[in-house]
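From just these sequences and the hints, can you work out the full model?
Okay, so the sequence shown: first residue is 0 according to numbering that gives the first Met the number 0, each after it adds one.
Take these hints with a grain of salt, some might be off.
To be verified - Distance condition first, Cα-Cα at most 35 Å in a straight line; then the derived DSBU-like pairs of lysine-lysine:
1. 231 with 29
2. 278 with 164
3. 145 with 351
4. 408 with 278
5. 304 with 133
6. 299 with 231
7. 145 with 275
8. 408 with 304
9. 173 with 341
10. 408 with 299
11. 29 with 299
12. 304 with 231
13. 35 with 275
14. 29 with 351
15. 297 with 341
16. 304 with 354
17. 408 with 268
18. 278 with 268
19. 164 with 43
To be verified - Per label pair, the in silico range of CB-to-CB distance:
20. 31 with 334: 35 to 43 Å
21. 201 with 256: 47 to 55 Å
22. 34 with 117: 34 to 42 Å
23. 67 with 207: 48 to 56 Å
24. 386 with 27: 36 to 44 Å
No wet-lab data here; the hints were simulated from the structure.
We treat Cβ as the ideally placed atom computed from N, Cα and C, and that holds for glycine.
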Amino acid sequence: MYTVINADLLRQAAMLLSNILDFNSPADAKLSEFFKNNRDLGTKERAFVAESVYGVLRRLRFLSTVTANEENDPDDARKLILAWLLRIQGMSLRELGATLSEQQKEWAITIKTKSTDGMSLAVQADVRDWLWDKLVAQYGETEALKIARSMHESASLDLRVNTIKGNREETLQKLIAENTSSLTNIELTPYSPIGIRMPQRLNISRHVLFTEGKIEVQDEGSQILAHLVAPKRGMMVADFCAGAGGKTLALGALMRNTGRLYAFDISEKRLNNLGKRLKRSGLSNLHAQVITSESDPKLKRLNGKFDRVLVDAPCTGLGTLRRNPDLKWRQLPQDVAELTQKQAAILARAAKLVKAGGRLVYSTCSLLADENEQIAEAFLSTHPDYTLVNAAEILAQNQINLDTGTMLKLFPHLHGTDGFFAAVFERDALLTEKKSTEKAHETAEKNAVIAADSEPLAEAEQISEESKVKKVVKKPLRKRSRSIQ
Numbered sequence: 000m001y002t003v004i005n006a007d008l009l010r011q012a013a014m015l016l017s018n019i020l021d022f023n024s025p026a027d028a029k030l031s032e033f034f035k036n037n038r039d040l041g042t043k044e045r046a047f048v049a050e051s052v053y054g055v056l057r058r059l060r061f062l063s064t065v066t067a068n069e070e071n072d073p074d075d076a077r078k079l080i081l082a083w084l085l086r087i088q089g090m091s092l093r094e095l096g097a098t099l100s101e102q103q104k105e106w107a108i109t110i111k112t113k114s115t116d117g118m119s120l121a122v123q124a125d126v127r128d129w130l131w132d133k134l135v136a137q138y139g140e141t142e143a144l145k146i147a148r149s150m151h152e153s154a155s156l157d158l159r160v161n162t163i164k165g166n167r168e169e170t171l172q173k174l175i176a177e178n179t180s181s182l183t184n185i186e187l188t189p190y191s192p193i194g195i196r197m198p199q200r201l202n203i204s205r206h207v208l209f210t211e212g213k214i215e216v217q218d219e220g221s222q223i224l225a226h227l228v229a230p231k232r233g234m235m236v237a238d239f240c241a242g243a244g245g246k247t248l249a250l251g252a253l254m255r256n257t258g259r260l261y262a263f264d265i266s267e268k269r270l271n272n273l274g275k276r277l278k279r280s281g282l283s284n285l286h287a288q289v290i291t292s293e294s295d296p297k298l299k300r301l302n303g304k305f306d307r308v309l310v311d312a313p314c315t316g317l318g319t320l321r322r323n324p325d326l327k328w329r330q331l332p333q334d335v336a337e338l339t340q341k342q343a344a345i346l347a348r349a350a351k352l353v354k355a356g357g358r359l360v361y362s363t364c365s366l367l368a369d370e371n372e373q374i375a376e377a378f379l380s381t382h383p384d385y386t387l388v389n390a391a392e393i394l395a396q397n398q399i400n401l402d403t404g405t406m407l408k409l410f411p412h413l414h415g416t417d418g419f420f421a422a423v424f425e426r427d428a429l430l431t432e433k434k435s436t437e438k439a440h441e442t443a444e445k446n447a448v449i450a451a452d453s454e455p456l457a458e459a460e461q462i463s464e465e466s467k468v469k470k471v472v473k474k475p476l477r478k479r480s481r482s483i484q
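Pasting the structure below:
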């Protein structure tokens, strides 16, 4: 499964884990930094370090229980790695015996024999109590446990075929023709018509299909989202929270490189990363624009211009725990409250960009109703010119047989994707026109009132000026009469 596990490799994995357990920055960033500082590690050694550390993060609460960790115990990380190998990976004491010190063997025996009877459901689910309570309140106990447990597994590697440069069937055949041990079990994604799924996690960044821009790494859920936006040729489309641009590029391909596609984001660094991907993609209709916030004044000139606007809002990311397991330990209830305020503000501002009859899509990779249904319902209650459109009907129109209800809801245990949510809104052409007419009338009436109010003032000023003239005229006449006398 891995390279031969030795004491030094366990030590390095534990060192990285200990650093990540501070939870002061994303795990993937610390992993990348660790590998940069340890370039002597081979491919298999790197795989063990990454998978063992992420494996512990996925099952941290359970593993902490079976290791009976003490707070600030410097050996906690080593115990956790050992517990992951024994209790999750199913390795035996015999297999690890030669690797372990005498003290570690004692830990291993305790870990292996620790009873799991009486563990709470939140511990079994491997989430914090506050998150477990929210999941149970929203989905019920049984379904909440299924959702949480589906996040214990690592995600598959999903690829999006860039239809600007090729098609799925040809790309799949090229991958299969390679017939290498690292590219086994390749299959088509069940819902996305442009996706390929590779169950094994591997580095695809140097593959010729990737370097030529014919494939992109993208979860099937994100691919489906692009089809929910469903941009057409020649449209004007905006990705309002573009990030590194994965969904933006998918939209551009669906537009067949026509029309005008905008990528907005507050991070110049993320948009720069999009620039690198754009060169590979072959797209020429994309315009990246850094904005200071959703209220950036430069957006005003674009109000009412777009046929489609996607708002993939910043969120807790709790639907991506297969890939980012540290999020369930880093996120707190106050983070959810702050994010929901931001999400509502971003959605309200993006709505102004949509033209009459246009489509607005709000999405997150969260599992929580706070960030999903509640945001959508609140938006509808304050925007009477928008109506909710059935997501399943839109997907059916695009030959995607996926019905999760009026709003799109994807889960790993049901769909094999990350957790995704999306709601589709359409701006009513008649209501928008009526609203614009009423506003024009209000403006005209206001101007008329201002004009009417200003007439007496103008008349008074004119009378005053005439009086001054008369006074000026009379004075010299009186002086002249005196002088004649």
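Results for each hint:
1. 231 with 29: Not OK: residue 231 and residue 29 at ~41 Å, beyond 35 Å, violated.
2. 278 with 164: The given pair, whose Cα atoms are some 13 Å apart, holds under the 35 Å limit.
3. 145 with 351: Judged against 35 Å, a Cα distance of about 39 Å means the pair is violated.
4. 408 with 278: Satisfied, since the Cα-Cα distance of roughly 33 Å is no more than 35 Å.
5. 304 with 133: violated (39 Å)
6. 299 with 231: Between residue 299 and residue 231 the Cα gap is close to 24 Å, so the pair holds against 35 Å.
7. 145 with 275: This hinted pair is violated, its Cα atoms lying about 39 Å apart.
8. 408 with 304: holds (29 Å)
9. 173 with 341: Distance of about 44 Å is beyond 35 Å: violated.
10. 408 with 299: holds (32 Å)
11. 29 with 299: violated (39 Å)
12. 304 with 231: With Cα atoms ~15 Å apart, residue 304 and residue 231 stay inside 35 Å; holds.
13. 35 with 275: holds (21 Å)
14. 29 with 351: The hint is violated at about 39 Å.
15. 297 with 341: holds (19 Å)
16. 304 with 354: holds (5 Å)
17. 408 with 268: OK: residue 408 and residue 268 at ~30 Å, within 35 Å.
18. 278 with 268: Holds, because 16 Å separates the two Cα atoms, which is no more than 35 Å.
19. 164 with 43: Within the cut-off at roughly 33 Å; holds.
20. 31 with 334: 35 to 43 Å: Cβ of residue 31 to Cβ of residue 334: about 23 Å, so the range 35 to 43 Å is violated.
21. 201 with 256: 47 to 55 Å: Roughly 30 Å apart at Cβ, these two residues miss the hinted range, so it is violated.
22. 34 with 117: 34 to 42 Å: holds (40 Å)
23. 67 with 207: 48 to 56 Å: Holds, since residue 67 and residue 207 (Cβ atoms, about 50 Å apart) stay within the stated range.
24. 386 with 27: 36 to 44 Å: holds (39 Å)
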